[in-house]
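Asker: Take a look at the letters that make up each chain.
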Amino acid sequence: QKEVEQNSGPLSVPEGAIASLNCTYSDRGSQSFFWYRQYSGKSPELIMFIYSNGDKEDGRFTAQLNKASQYVSLLIRDSQPSDSATYLCATITVISGGGADGLTFGKGTHLIIQP
Amino acid sequence: GAGVSQSPSNKVTEKGKDVELRCDPISGHTALYWYRQSLGQGLEFLIYFQGNSAPDKSGLPSDRFSAERTGGSVSTLTIQRTQQEDSAVYLCASSLWENEQFFGPGTRLTVL
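Protein chains in written order, with the numbering used here: chain A, 1 to 115; chain B, 1 to 112.
For the record, the hints were derived by calculation from the structure and aren't laboratory data. Beta carbons are placed, not taken as given, at the ideal position from N, Cα and C, and that holds for glycine.
Label-pair distances were calculated between CB atoms; the ranges are: (1) A:I112 with B:W97: 35 to 43 Å; (2) B:E100 with A:R77: 20 to 28 Å; (3) B:E85 with A:E45: 25 to 33 Å.
For reference, chain A alone in the conformation it holds in the complex (with noise of 0.2 Å):
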């Protein structure tokens, strides 16, 4: 059974500071990491991916990978209250032959950049 774990929240975070969110997996077949946003009411919106050992950089966002501690973080400078949401981390594992599995989700730490 694939797990994503990530702490719920809510994580409080005051404006412009360094929002930091952790993610674990069980699955060490996983070779590819997503981070997605969601709003209330809104669909995932894909923010970073990672595929190597780490750290990836995206503007004000940090993608840091570790296989062999099986965890996945994201860093968020200089976050602002549009940064307030639900973040979902994901993993993927493909396939030997060419296919893909489908992505197992976190369930999600809820993210509140106070002003």
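Knowing the structure of chain A, use the given hints to seat chain B on it.
Answerer: For chain B alone, kept in the frame of chain A given last:
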């Protein structure tokens, strides 16, 4: 460019009726996925298409659920004899091969 579209956006039906949900993926995307999100629950993977074929249907909750994709584009998810526990938001996503998945706005299904 146009994103993933889904219709209807909302569907209210009576228990026991059949419903059909439609997904139109991003043009050129070869892979298409169906998920559902129940109130307070995480996203649950249902089925995946690469082209017109669905290699793994084991994620479908019961044999009342079926899905098809024709012409490598539009997909329909059909739920027969709907039950109240089928009430959820049904989300479709598409991707270019097995890369990043982009979601449509979803169909909110309410079974009375």
